[in-house]
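**Student:** Single-letter residue listing:
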Amino acid sequence: MTMIVFSGTVDRLFPVGVLASGGVAQGMDVDIFLTFWGLEAFTKKKLASIPKIGKDYEAIGGMVMQAMQMKHVPSWYETLKKAKEIGNVKVHACAMTYDLMSMKKEDLADIVDDVIGVGEFMDMAKDAKVNLFI
Amino acid sequence: MTMIVFSGTVDRLFPVGVLASGGVAQGMDVDIFLTFWGLEAFTKKKLASIPKIGKDYEAIGGMVMQAMQMKHVPSWYETLKKAKEIGNVKVHACAMTYDLMSMKKEDLADIVDDVIGVGEFMDMAKDAKVNLFI
Amino acid sequence: MTMIVFSGTVDRLFPVGVLASGGVAQGMDVDIFLTFWGLEAFTKKKLASIPKIGKDYEAIGGMVMQAMQMKHVPSWYETLKKAKEIGNVKVHACAMTYDLMSMKKEDLADIVDDVIGVGEFMDMAKDAKVNLFI
Numbered sequence: 001m002t003m004i005v006f007s008g009t010v011d012r013l014f015p016v017g018v019l020a021s022g023g024v025a026q027g028m029d030v031d032i033f034l035t036f037w038g039l040e041a042f043t044k045k046k047l048a049s050i051p052k053i054g055k056d057y058e059a060i061g062g063m064v065m066q067a068m069q070m071k072h073v074p075s076w077y078e079t080l081k082k083a084k085e086i087g088n089v090k091v092h093a094c095a096m097t098y099d100l101m102s103m104k105k106e107d108l109a110d111i112v113d114d115v116i117g118v119g120e121f122m123d124m125a126k127d128a129k130v131n132l133f134i
Numbered sequence: 001m002t003m004i005v006f007s008g009t010v011d012r013l014f015p016v017g018v019l020a021s022g023g024v025a026q027g028m029d030v031d032i033f034l035t036f037w038g039l040e041a042f043t044k045k046k047l048a049s050i051p052k053i054g055k056d057y058e059a060i061g062g063m064v065m066q067a068m069q070m071k072h073v074p075s076w077y078e079t080l081k082k083a084k085e086i087g088n089v090k091v092h093a094c095a096m097t098y099d100l101m102s103m104k105k106e107d108l109a110d111i112v113d114d115v116i117g118v119g120e121f122m123d124m125a126k127d128a129k130v131n132l133f134i
Numbered sequence: 001m002t003m004i005v006f007s008g009t010v011d012r013l014f015p016v017g018v019l020a021s022g023g024v025a026q027g028m029d030v031d032i033f034l035t036f037w038g039l040e041a042f043t044k045k046k047l048a049s050i051p052k053i054g055k056d057y058e059a060i061g062g063m064v065m066q067a068m069q070m071k072h073v074p075s076w077y078e079t080l081k082k083a084k085e086i087g088n089v090k091v092h093a094c095a096m097t098y099d100l101m102s103m104k105k106e107d108l109a110d111i112v113d114d115v116i117g118v119g120e121f122m123d124m125a126k127d128a129k130v131n132l133f134i
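Residue numbers (my numbering), protein chains in the order written: chain A, 1 to 134; chain B, 1 to 134; chain C, 1 to 134.
Facing chain C, from chain A, some residues (calculated, C-beta under 8 Å): (1) Phe6; (2) Thr9; (3) Thr35; (4) Glu40; (5) Gly54; (6) Leu100; (7) Met101; (8) Gly119; (9) Met122; (10) Asp123; (11) Ala125; (12) Asn131; (13) Phe133.
Once the Cα atoms are required to be at most 20 Å apart in a straight line, the calculated EDC-like pairs of lysine to aspartate or glutamate come out as: (14) C:Lys45 <-> C:Asp113; (15) A:Lys45 <-> C:Glu58; (16) B:Lys52 <-> A:Glu58; (17) A:Lys81 <-> A:Asp107; (18) A:Lys55 <-> C:Glu58.
Hints are computed from structural coordinates only; laboratory data are not their basis. Cβ coordinates follow ideal geometry from the N, Cα and C atoms, glycine included.
Please put together the full structure from these sequences, using the hints given.
**Tutor:** Spelled out as structure tokens, the structure:
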């Protein structure tokens, strides 16, 4: 399966971790392509900052985040990291966004495997059973 | 076909009903997985409240909603209900979100069939011809 | 491959152009279905107006758009137009949205090929290797 992670709000990153876990549980290889705000969310700087909820859901968002803390739900990053430890999960940074945002390798979270172009990613998506744009 | 319904704004719920109808018209089985704000949108409480448009489209959103009323376009919920009456449409609640939001069966709209885990859903998606994240 | 373009903010339209280019580079046919704010974004009127960034990313959005201008990154529309010149890219307007917004053929950008129903689109998606909802 593949996921194009375009979004950078914490509510949309959560499904990335959970769906990767679900994919791994079903024995699938998981390829994640980080682009735009999705790539920014995987920078060390952003990971160290306070996570933001999508503005459409601000009203209820705080309550849900509080419930997560109370129920000791692991963060999306921890969930994704665990999926990567258990199964074949690869995290790719979009070369175009990487250049556009003038990033360096050391800016990116440890979970990121490499920087690839959109053509290379589409080649993976072509052969995948499930493709999602998040 | 499968749809992961993550979003809870009325403009994004509309395509859920319409695409389910389109899928049914093409003879496809439709499995819908409600998660996060998508599951919240399918609670009786939320369905009884005033629908909200995505903040990115507030400027034009009101006009479009007004056009819908004038042209007697059925609501997204009615559209989905009709698709379910005509074809094989199943609506699943995400177990994790269900637990996180401390929901009970009676909180959910009648259209919801069951509560399942992400692994079970990914097993359906694996065999589907079309998978969408909305 | 197919893409359902629901969104109308410039940050989400950018991937439409780039992914179409990637698909064409991999020898795929690309069918794009414009619906809701996605169809509105493809009107001549909207294309002539100042592009808007998703509200979730306004803080960093301005910086990224500036970087795009400085690095002479072509617009999403130019990128999509180029993909259409190189490969088999078809741009379809959603009939329901078209009627709902009381559009006329001359309102739409030149890149739009035709107006089709959701059933016809789902028939294309059924046979595609990659389907995305943007």
